[in-house]
Amino acid sequence: MKAIILAAGEGKRLRPFTETMPKVMLPVGNKPILEYVLDSVTTNGIDDIIIIVGYQKEVIMDYFSTYEKGNITYITQDKQLGTGHALLQAENHIETPFIVIPGDNIIDHKSIAHLRETSSEYAMLIKQHPHPSKYGVVTIENNHLTSFVEKPKDGEGSFISTGIYKLPPSIFSDLATLTSQGLHTLSSAIENLLIQHIDIDTIIADTWMDIVYPWNLIGVNEAVMHQTAGSTAGTIEKNVTIKGPVTIKENTHIYAGTYIVGPVIIGSGCEIGPNVCIFPSTAIGNNTVIHPFTELHNSVIMQNTHIGSHSHISHSIIGQGTVIHPHFTNIPGPATIEIENEFLKLENIGVMIGEDTTIGCNTISEPGIIIGRSCTISPLTKITRAIPSGQNVM
Amino acid sequence: MKCVVLAAGEGKRMHPLTYTRPKVMLPVCNKPLLEWNLENTKKAGINEFVFIIAYKSEMVRNYFTDGSPWNVSIEYVNQGKALGTAHAIGTVEKFVDDFLVISGDTIFGSNDIKKMIKTPQSMGLVEVNNASAYGIVECKDNQVKKIYEKMTDPFTNIINAGIYHFSPSIFTYIKKTPKSARGEYEITDSINMHAQSETIKAVDLQEWRDVVYPWHLLDITEDIMKHYHFENKGTLHNGSTISNNIAIGKGTQILPGSCIEGPVIIGENCKIGPNCYIRPYTCIGDNCHIGNACEVKNTIIFNNSNVPHQNYVGDSIIGEGCNLGAGTKVANLRLDKEPIHFISNDMRISSERRKLGAIIGDNVQTGINSSINIGSNIGNHVIIGPGRVINGEIKPNTYLI
Amino acid sequence: MCGIIGYNGYRNAQPVILDGLKRLEYRGYDSAGIGIINKKLQVHKQVGDISRLIDSIPSFTGTIGIGHTRWATHGKVTETNAHPQLNTSKTIAIVHNGIIDNFLELKNHLQQKGYVFQSQTDSEIIAHLIDEHYHKDFQDAILKTIRQLRGSYAIVAISQKDPDTIIAARNESPLVIGIGDNENLVASDIPALLKYTNRVIYLDDGEICILKKKSVTILDSAGTQKQKETHLVTWDVRDAEKAGYPHFMLKEIHEQPHALTQGLVGRISEINRTVSFHEKIERLLRKPIQKIHLIACGTSFYACYIGKYLFEQLTNIPVQIDLASEYRYFSPKQPDAFVIAVTQSGETLDTLGALRTAKKTGCQTLVITNVIGSTATRIANAYLLTQSGPEIGVAATKTFTSQILMLYLLALKIASNQQTISSDDLYHTLIELRELPREVRQILHQTEEIKTLAHNISNSTSLFYIGRGINYPLALEGALKIKEISYIHAEGFAAGELKHGPFALLSPETPVIAIATHDKIFDKMLANIGEIKAR
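Chains as they are written, first to last, in this note's numbering: chain U, 4 to 397; chain B, 24 to 424; chain F, 259 to 793.
The shape of chain U in the complex, shown without the other chains (with noise of 0.2 Å):
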């Protein structure tokens, strides 16, 4: 069986992030949510994989043109119409049923191991949401579908569609056939099947977690780590504290003092310390320097960042190559957030700055702030709003 993996899409949702890279790369745990996906089909033993890429895709080959666990394929989707256009492009790779699932979720190996293993040709992964309006929200009477409504305005609670399929290839002359009526996505296909009174199975899926705006990775990064082991690695100093399953990779340097509370990941090329705090659920991306007495929670922190000495930084997102000068604080607390001409509520949140960009010292940003990308800071501001890509804040 194979596997088709959508990864295509920009997330505009999810910028200043996916500026310079596509959603799919976004890490998570120091790795790209796509690879927790490829990791999760490998695992069920498929590893013949087709990549459907378009924004940006060389980062996505560049950085899998190591992954040893399958052979996979790459598809170009020139332009970014929808789901259902997407996979159209990999009609010629297809033979027989295969699975399809969008590249920027998680979902476990067993969710996939039940899809693969029902003997039903069309069968979906379901999973309950607190929150359904922005997803498909499905009803099921027996295991199967009966329903299937596209970003319902109620429904809480309800049943939606993770956009993870087993599919047969009789589905692409379908799709072709929508395409061309200008209905691009895989869930008019869905629907489609629906009025064919097509039998569709569901199966509830064990783990399943999205990301569309940016905090998002904060709470997967978060779930994803707490299944580590830990390993150590590199240089560690006298008087280093380590509880609980921490990983450090080769080559970091951790300086005497340091006291780190697992689960944390800390990546290649490390300089941490001396006395330094990392608290549970801080991934560390490779090369990035913390200066001595920074204290960091619950946070991800991409590669090749610096942050300087006593700063203090929860429930946030540093962009890779971002500059952070000393005594840099960021709240962490409720706040409400407009993406895309939306306004969300969120009980939580740090600060979301995009990549290399550079904070002055004594810089404070309240709750729910987003900076963009190549933005500089001036010391001693206080951001009380969100900064677009590319500004200079005196």
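These are calculated hints, taken from the structure and not from any lab test.
Values in this document were obtained by computation on a predicted structure and should not be read as measured data.
Think of the CB as a built atom: it goes at the ideal place given N, C-alpha and C, for glycine as much as any other residue.
There's no promise every hint is true.
[Claimed, not checked] Selected chain U positions facing chain F (Cβ under 7 Å, derived; list incomplete):
#1 202
#2 292
#3 361
[Said to hold, decoys possible] Derived EDC-like pairs (lysine to aspartate or glutamate); straight-line CA-CA distance at most 16 Å:
#4 B:104 to U:71
#5 F:419 to F:390
#6 B:320 to B:242
#7 F:365 to F:389
#8 B:202 to U:50
#9 F:472 to B:89
#10 B:104 to B:207
#11 B:202 to U:51
#12 U:72 to B:33
#13 B:104 to F:398
#14 U:72 to B:242
#15 U:34 to U:65
#16 B:138 to B:33
#17 B:352 to B:318
#18 B:104 to U:50
#19 F:298 to F:420
#20 U:5 to B:207
#21 U:34 to B:369
#22 F:472 to B:98
#23 U:252 to B:369
#24 B:35 to U:71
#25 F:471 to B:98
#26 U:72 to U:50
#27 F:453 to U:71
For this one, chain U is given, so just place chains B and F on it according to the hints.
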């Protein structure tokens, strides 16, 4: 008849010991696993071998050359990418007629191999305590009906031992073998097809030991030592106490005050003692030093490593070129006596052993009075500073200072 | 450039050759072909890339064969012009990469003898020449043929009359022999062989190789047998993928940030304020250093030129730079010099020669290279790895930047050993070095702008690079890259030197690329640019 030996695997689950050597070159009683198989197979009457190699193939090639030191002939086939056992065996089609296949990382007895040679179109079976991690074999009237891949709740404890006697007709089925759920071409799938049209005989084996995780080397060493031919070629100084089941290599000196309780194997040019205590089932390689006030128990020490001053090492494996600092000790028993866990490649595995010390890779150095906790996994070239306490998985090249 | 492969062994040759061709596709892809012997010679050719060949090919059996992927030089892209090229009786097949200079002369000679030519390629003459010389002995026919050829070639030939032998010959075009078990291969490049073996022999100019299933014999052009060293390839097939880029060179340009990061990892510590290398280099650098000689060839030489500026700025040690090919024969006999050789592959013949000369003189030697286990690492007292990952593209890109970084790190280390740099300056330099990968990444984000600029100058017949100080060698390297890749005539000049002659060459159509960074001579550079604009 030729014997094809599957010797291509890296054995990732044997890390850190297989970072620098293929699995089949791991030493058991100071001889590579593969050499035991070669000798046992030769004893059973086979003189022509085909080794299928890939990972660190030059080590196998350099050690076994063309086979002349063993008076056998060895041909090599490079498997290239590891695509499964059926793929590996498929590569030798041009070299064999009726042939024997053995897994190079499992030790078989020569009587069993003899039985296999005498039974054309057959496979070896063995009974184990817990079959769930192996291929389960359904038999009827001494014939193989079907092989099932790993089952959580197996209906029998009879498993596939990894030794086969094939006729060239197997290649027809190998060519038809589809990829398995694991994404590999597996010989068991080829055999299942073969068994539908022809008879595959079942041969019950008496001796069988496979090696999956590092501590299995301890088990296999213990097994072999029970029937080992012990010879003393070294020098015993006055005042040493040794039992009679001890093998000592050429040039090795046992200094005064050493107490050795067999079975124990000591390699060549070692310096043992003075005043050390070596306990049963310990195997020490060449050019090693066990020094004053050291106790070593049920441990494998590879070549060129030292346990020199005031050390305790139990139920452990120490790689090549290691040196323990004075007072470094290895714990081997949990205080709550529970089975010991081992972390390998970021995954937690139960060793199902009540006693397990450390698995230490090559060129590891420890500082004075460092303590190594139970089930530690220490990679190659790790340096451990004085007084450090070591836990869990330590990746290669780590400095704990 | 073309890609060629030959296989002689026990496997079915067709899939081996097709897979190899796919891995050589970066060397050319306008047409491709394959020839396999199973008692009779079977040939299939196709215009287009390898996938079209794969789609159209009938299934040939046979365990010996050759393949070719072509980038047309002589003759149009047609099926007839694709390789393998055959003799008239279709018993001999050859694949060829290179250009035969005396092809017209040989063609006339063959036509007079009655040979009829099918294709417009220069390569076809090789098949006919072999045919002409082939009486009993295949090997003899090849030897006689190559003695008549002038130009560059890598040739792989098979003959139906000798169906167990492949013969390969090389002159100025790359060819590698892969030593397998009961199988041997030959190809233009290593990635095509790696699936089957990691033991290779590099053929040198004028050598020919007889590949049997179980043996490989190397002969010189006189036909005398030679012993050659077998090398072990340590990298992997997976490292050699193009990852979505149209060619390796572009991929490797984009790998610069990563390569630089790898070069810095574990070598600089911002918190300890140190640069550190492995113990062997540290020991070498602790000795007093009176003078430094930097030696290299080609692009690496320009890296050394930049290194000279860096060393002289940061330390008080005089630095001399030498081309390896010169140093080899005209070395200053100065045993107190510390010699640093720079070679990407660690196999550059002139650089190896220079290293040996330096050692013989009694110098301490250090080599900066990208390939662990290469010959250079075995000759020098110590080696420093650039850690940039395999470079497959023909032109040096990421390895150049990595080499400069290594030289910079060495200069910093020596400066801090000799206390010619303050701890503060060192600290700031280290912070800036850490940010270097990100700066490079930001430049690479400007791909579109760079593309437009490149397009504007792509029709020029001649162009100039100018720079001052550390940017002067960079101007030289820029010109070298243009020449190597686009075949446009290019020169690099020190900006201050323009008025002493080169001005005369400038015309309004000549693009001049000025390398002007915000350094202390930025104003002078602007003045130079002004001078040019005025012309």
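So if I understand the rule, the pair passes when the alpha-carbon distance is 16 Å or less; does residue 352 of chain B with residue 318 of chain B pass?
holds (10 Å)
Is residue 202 of chain B within 16 Å of residue 51 of chain U, Cα to Cα?
Since the Cα atoms of residue 202 of chain B and residue 51 of chain U sit roughly 10 Å apart, the hinted pair holds (cutoff 16 Å).
Hinted pair residue 471 of chain F and residue 98 of chain B, Cα distance within 16 Å:
holds (13 Å)
Is residue 298 of chain F within 16 Å of residue 420 of chain F, Cα to Cα?
Status holds; Cα separation ~11 Å.
Under 7 Å, Cβ to Cβ, is where residue 361 of chain U needs to be relative to chain F, so tell me if that hint holds or is violated.
At about 10 Å, which exceeds the 7 Å cut-off, the nearest Cβ of chain F leaves the hint on residue 361 of chain U violated.
Need the status of pair residue 34 of chain U, residue 369 of chain B: alpha-carbon distance at most 16 Å?
holds (14 Å)
For the pair supplied as a hint, residue 365 of chain F and residue 389 of chain F, is the alpha-carbon distance within the 16 Å limit?
holds (13 Å)
16 Å Cα cutoff - pair residue 104 of chain B, residue 50 of chain U:
With Cα atoms ~14 Å apart, residue 104 of chain B and residue 50 of chain U stay inside 16 Å; holds.
Are the Cα atoms of residue 104 of chain B and residue 207 of chain B separated by 16 Å or less?
Satisfied, since the Cα-Cα distance of roughly 11 Å is no more than 16 Å.
16 Å limit on alpha-carbon distance, applied to hinted pair residue 72 of chain U and residue 50 of chain U:
holds (7 Å)
Is residue 453 of chain F within 16 Å of residue 71 of chain U, Cα to Cα?
The hint holds at about 14 Å.
Taking 16 Å as the top limit, are the C-alpha atoms of residue 104 of chain B and residue 71 of chain U close enough?
holds (11 Å)
In terms of the numbered hints stated before, the structure departs from hints 1, 3, 13, 14 and 16, listed from lowest to highest.
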